[in-house]
Amino acid sequence: MSLPAVEVRDLVMKYGEVTAVDGLSLSVEAGTVTAILGPNGAGKTTTIETCEGFRRPQSGVVRVLGLNPVTDARALRPRVGVMLQSGGAWVGVRAHEMLRHMASLYAHPLNVEALIERLGLGSCGTTTYRRLSGGQQQRLSLAMALVGRPELIFLDEPTAGLDPQARRATWDLIDELRGAGVTTVLTTHFMDEAEALSDQVYIVDAGRVIAAGTPAELVHAGEENTVRLVAEPSLDVTKLAASLPDGTIVHERQPGDYAIAGVVNPELLAGIAGWCADHGVLPRSISVHRQTLEDRFLELTGKALR
Amino acid sequence: MTEPTAGTLDFTPHPGAAPAAIMVRSQMLMELRLLARNGEQLLLTLVIPLLLLIMGTRSDAVVDLGPGRSIDIITPGVLALAVMSTSFTSLAIATGFERRYSVLKRLGAAPLPRWGLLLGKIGAVVVVETVQLIVLTSVARLVGWHPQGGWSALGWLVLLVLLGTAAFGSLGLLIAGTLRAEATLAVANLVYVLLLIGGGLLVPLTRYPGSTHRLLELLPSGALGEGLRDVFAGLNPDVSVVVVLTVWAVVAGGLASRTFRWE
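So the sequence lines, in the order shown, correspond to chains E and B. Just so you know, the first sequence maps onto residues 1 to 306 in the working numbering. Just so you know, the second sequence maps onto residues 1 to 263 in the working numbering.
Bear in mind the hints are in silico, worked out from the structure with no lab data behind them. Beta carbons: idealized from backbone N, C-alpha and C, even for Gly. Hints may be right or wrong, so weigh each one.
[What the hints assert, rightly or not] In silico contact screen, one side only, chain B against chain E (beta carbon under 7 Å); selected entries: (1) L9; (2) F11; (3) T12; (4) P13; (5) H14; (6) P15; (7) G16; (8) M23; (9) M30; (10) L34; (11) Y101; (12) S102; (13) A109; (14) A110; (15) P111; (16) L112.
I would like the entire structure built from these sequences, with the hints used as guidance.
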């Protein structure tokens, strides 16, 4: 196996009393797309900015393309594209001008006009940055990360503020980059984004990796299949589980909202309905779900994203 | 590997930094374009000095500058003001907002090294100052300024402007690198006004109360203003002028390089 493109081992980062990253480890294989998924404040940006060389690891090791992002910054900068979460351009600069300036800093930049067209920025060429919409600013920022033809790109919430169409276009672009051999590391708090785009997902919460794997592995490692029962709160979940086939797990996710995991088949549904009939419970709904990454996240952290 | 032709996009990695000279030139031109587009900055760097110069022809009606023709007294002060407005106020405000909007952070992730960014900024400041000095001295001549000192005065002008730029520029970066952008804006403008009125910049030190002379001579504004007035009166400026500007440049520059926060 070749050297990982990014390797983080036991990273700890604190801001005063607050621990933003608490012993986080991850590894990114070259040529793949890796998503760091988590709610706001999980430590995603701190982690990615440490990889970008903006912060020195307080404890732990960070290697990017085999190099130290702080001490080897000069060698890394041309090879690594960066998209900040916000800002990064002069308020008075025109979109094309900013991109041409970035291109001028690299030896073999992409064709600026073609890149502008590809990202749908053709219409706002002479618009100053402050007058661009949030989505246009995001796309310009993405273009700035790509223009130098980097080997590795770090994208901090690349689709935040984009409309669904632009989001889809960004996904397609990231897919194309993977095809061209570019390694992508992105942060997101969109489950569907992580699921659709990435080869590898790290679910991060409170500064730690709480689960890692391919989207399929992560989903299957959780409840295989789920029945959602909505009824009165505080049912006796232990007794309900005992009346169902062995290995069935029941838990009340929120008052009155029960997740029932196990082998989902008509007998299971009949069993649930029978238990409800025996106990005088009238369910408001019983539905069958294929578990998504979102369910998995909820299960792992006990909280919704954002 | 072939270079991409117009209209095609090949994302295959092909990293590399542009030559340093090209990066610095690009950064300098970028800064100049942004400056030229910013009306407030132009007001500060050209319009106010020009107005003061025109008023200078009749300044006796406003304030007594002392013996001699008022245009000859006020022109060196206006040149000093132009240097301060560009290298201090303008630079501090622009840099403060670059920090605020993560421009410095983003450029820090590009191949442009930090010294390249600084060189680009210095280059832009020097270009703007050159334009200012050419415009202001030309207009001053048109309204009757008679500079003394010949070529030696020109040599002193270049030296003092460079030293003044180093001193004021370091002070500007010290403020911009530590305070929030809004605070930088306020402080840079306040200092500009205070030094313009009370810093020995425009008005000769002899017109200030005697007890303040020593203090004013130690300010970069007093040193630069007084130095340029001596130069264009055909005198060699006092050695203290060079010392004061150099000390400010070294101390403020050292502090700025240690405290500057890029985001």
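Task: Violated hints, by number in ascending order, as checked against the structure - done: Violated hints: none at all, because every hint is consistent with the structure.
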